[in-house]
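Q: Mind docking chain B on chain A? Use the hints.
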Amino acid sequence: MPLNLFTWLLSLLPLLVVMVLMLGLRASGKRASAAGWVTAVLVSLLAFGATWKVLAYAQVKALWMSLDVLYIVWGALLLYNLVHEAGAIQAISAWLPSVSGDKAVQVLLVSWLMVSFLQGMGGFGVPMAVCAPILVGMGYSPVLAVVMTAIGHAWAVNFGSMATAFQALMAVTGLSGAVLAPKAAILLGLAILPSGMIVAVLGSGWKGLRHTFPLLCLVSLVMGAVQYFLAVNGLWNLAATTASLAGLLVMLLLLRIPHFRQAPAASAQSASNADLLVLVSPYLILMLVGFAVVLIPSLNAFLSRTAFSLTLPELSTRLGWVTAAEQTRPLHPFSHPGSILLFTVLVSWLIYTRKGYISEGAGQRIARNVVKSAGDASLGVIAMVGVAAVMTTSGMTNLLARGLSQSISKTLYPAMAPFIGVLGAFLTGSNNNSNVLFGVLQMETARLMGLNVPLILAAQTAGGSLGSVMSPAKVIVGCSTVGLSQKEGLVMRRLVLLDLIPVVIVAAAALIWSLLSGAGG
Amino acid sequence: MKLKQNHLPALSLRASLLLFVLELSLPFWLYAALNSEKLILAKLLFGLIAAGMLAIIILPEKPKR
Numbered sequence: 001m002p003l004n005l006f007t008w009l010l011s012l013l014p015l016l017v018v019m020v021l022m023l024g025l026r027a028s029g030k031r032a033s034a035a036g037w038v039t040a041v042l043v044s045l046l047a048f049g050a051t052w053k054v055l056a057y058a059q060v061k062a063l064w065m066s067l068d069v070l071y072i073v074w075g076a077l078l079l080y081n082l083v084h085e086a087g088a089i090q091a092i093s094a095w096l097p098s099v100s101g102d103k104a105v106q107v108l109l110v111s112w113l114m115v116s117f118l119q120g121m122g123g124f125g126v127p128m129a130v131c132a133p134i135l136v137g138m139g140y141s142p143v144l145a146v147v148m149t150a151i152g153h154a155w156a157v158n159f160g161s162m163a164t165a166f167q168a169l170m171a172v173t174g175l176s177g178a179v180l181a182p183k184a185a186i187l188l189g190l191a192i193l194p195s196g197m198i199v200a201v202l203g204s205g206w207k208g209l210r211h212t213f214p215l216l217c218l219v220s221l222v223m224g225a226v227q228y229f230l231a232v233n234g235l236w237n238l239a240a241t242t243a244s245l246a247g248l249l250v251m252l253l254l255l256r257i258p259h260f261r262q263a264p265a266a267s268a269q270s271a272s273n274a275d276l277l278v279l280v281s282p283y284l285i286l287m288l289v290g291f292a293v294v295l296i297p298s299l300n301a302f303l304s305r306t307a308f309s310l311t312l313p314e315l316s317t318r319l320g321w322v323t324a325a326e327q328t329r330p331l332h333p334f335s336h337p338g339s340i341l342l343f344t345v346l347v348s349w350l351i352y353t354r355k356g357y358i359s360e361g362a363g364q365r366i367a368r369n370v371v372k373s374a375g376d377a378s379l380g381v382i383a384m385v386g387v388a389a390v391m392t393t394s395g396m397t398n399l400l401a402r403g404l405s406q407s408i409s410k411t412l413y414p415a416m417a418p419f420i421g422v423l424g425a426f427l428t429g430s431n432n433n434s435n436v437l438f439g440v441l442q443m444e445t446a447r448l449m450g451l452n453v454p455l456i457l458a459a460q461t462a463g464g465s466l467g468s469v470m471s472p473a474k475v476i477v478g479c480s481t482v483g484l485s486q487k488e489g490l491v492m493r494r495l496v497l498l499d500l501i502p503v504v505i506v507a508a509a510a511l512i513w514s515l516l517s518g519a520g521g
Numbered sequence: 522m523k524l525k526q527n528h529l530p531a532l533s534l535r536a537s538l539l540l541f542v543l544e545l546s547l548p549f550w551l552y553a554a555l556n557s558e559k560l561i562l563a564k565l566l567f568g569l570i571a572a573g574m575l576a577i578i579i580l581p582e583k584p585k586r
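If you read the sequences in order, they're chains A and B. Heads up: the first sequence at position 197 corresponds to 197 in my numbering, and the numbers run straight through without jumps. Heads up: the second sequence at position 47 corresponds to 568 in my numbering, and the numbers run straight through without jumps.
In case anyone wonders, no lab produced these hints; they're calculated from the structure. Idealized CB from N, CA, C, for every residue including glycine. It cannot be assumed that every hint is accurate.
Claimed, not checked - Okay, derived cross-link-like pairs now, DSS-like style, lysine-lysine, Cα gap no bigger than 30 Å in a straight line:
hint: 1; chain 1: A; residue 1: K487; chain 2: A; residue 2: K372
hint: 2; chain 1: A; residue 1: K53; chain 2: B; residue 2: K559
hint: 3; chain 1: A; residue 1: K372; chain 2: A; residue 2: K355
hint: 4; chain 1: B; residue 1: K564; chain 2: A; residue 2: K53
Unchecked claim - Facing chain A, from chain B, some residues (calculated, C-beta under 7 Å):
hint: 5; residue: L539
hint: 6; residue: E544
hint: 7; residue: W550
hint: 8; residue: L551
hint: 9; residue: L565
hint: 10; residue: F567
hint: 11; residue: I570
hint: 12; residue: I578
This is chain B alone, in the form it adopts within the complex:
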């Protein structure tokens, strides 16, 4: 998929891993927040998960060999 996004930093291996850790751990915090009725925190956490997904779509991937 070729998008005009040259001005954006590429999604490096380290960034991918960071995103993976976030997408894996945030739902746990989200679950805890929902169970303890901290709804604003839960909304914030869900927003972060969505932002992570958007980052995967928007940021260009580092080309692989």
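Isolated chain A, as found in the complex:
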């Protein structure tokens, strides 16, 4: 397919349909995504020479990619509804004022630090689905709660979720972590402070930002340094989680220093420490089991013995776009984060029942709420992943990225690279998939232009990390626990512009870095 303005706009059409429906017409995520899917199918059939077989296999591929996400989504919603039923969300909301009476500090603890830490356990919008209800419990509107949690953890996506996105970048480009990690850690480190500042402003206004600015700077510095140190020393799979844990601890320590201390709110009424420990035990179990499965090789090997994948044949469109034959990503049902969530739910249910936190009829209520929230969210995810699969197998995604890269001069390309990462993540809902889609394209473009390849790839994955949190697929999941199903457009409207701030900062940094280091690098 020749690249010109018309074909480029045609490739963009499915995304435009999703954006206009969600942002302009406030359509629900599932409806906008379904409309995007139909548009992608029509454009690929009529203009990109896709055969029905290409589209059929694309849908099979989409289902496989969706399964990975949906298993986590259903598990996370089950866990959330269980802890909500037991009263844990209310208990955490009531406990926060006892840590600090400063609303800005409370907001930062939940929607900047805790949400980033949870990103280490599993992404796909789950950190938002867990933390947003706590903010609603603190009195914030559901829309603001989702926006704050989304922006707060955007920096942690690349090295979070056991760095699956970063590993994908290494796998597709063939470059080592030692080459890629330093620049990626620095670019993402630069996004930590802006993310926290946006959260502080949204949560408590400019006054809150002024008041917490020294705290924000210190904690950002610590998180950036820890993430960089771990990433460059080969521990990238723990870099974001450890960094946010360090940030959380430093924040709690700083709050003990008289200069930062603010008396707990007079009305602070929290559960006793023992009660609070029982109530939050599901999160502790989740952490323990999650880390054990990932970090104990023998356990991981044992649980990963069972794996399923599909074999897809080589596909080609009538216009000659070829997608190589492939084996889909294996699905390990026993070591999958969804199974870890289900195991956590089971153990937590036993603990809660034993301690008397579960009342009669709770099981039915939980099941009803899970089905209600997850049903809509799941349809949206399936349709949106379908859009990505159709666009990729028919060559539309490649054309879109080629258009972006070829319309920009060599000097300005480093500033464009993060936006290509954003595009991939917005489309697929995943930093990981953005790197798979565009990693090689960015590398080849950088080589042809004589640019610093690791820097361009770092900009790609940083953009993917920051852009993934505003993707419809993630926002749909984030909205599912705060009663915003079918109203995701309200969140997208606020989120997209605010989330572009750290992206622009990363783009500017990549541009300046490229200019300072000269070509090649």
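A: Just chain B now, kept in the frame of chain A:
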């Protein structure tokens, strides 16, 4: 999104779930049909998936609180 579709039944929770189950299970059957070269069945299944997507777009959603 406000469309003139009052004459159509609303997409209830049960209907949404049914659509979800269909959109989740049909691609598996589609894969099996493609692998066993039952192309007419595969076309039919892909048509059903597309019909499900159209239903999501066309049928009005039940308003939520």
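Q: Enumerate the violated hints, using their earlier numbering and listing them in ascending order.
A: 5, 7 and 9
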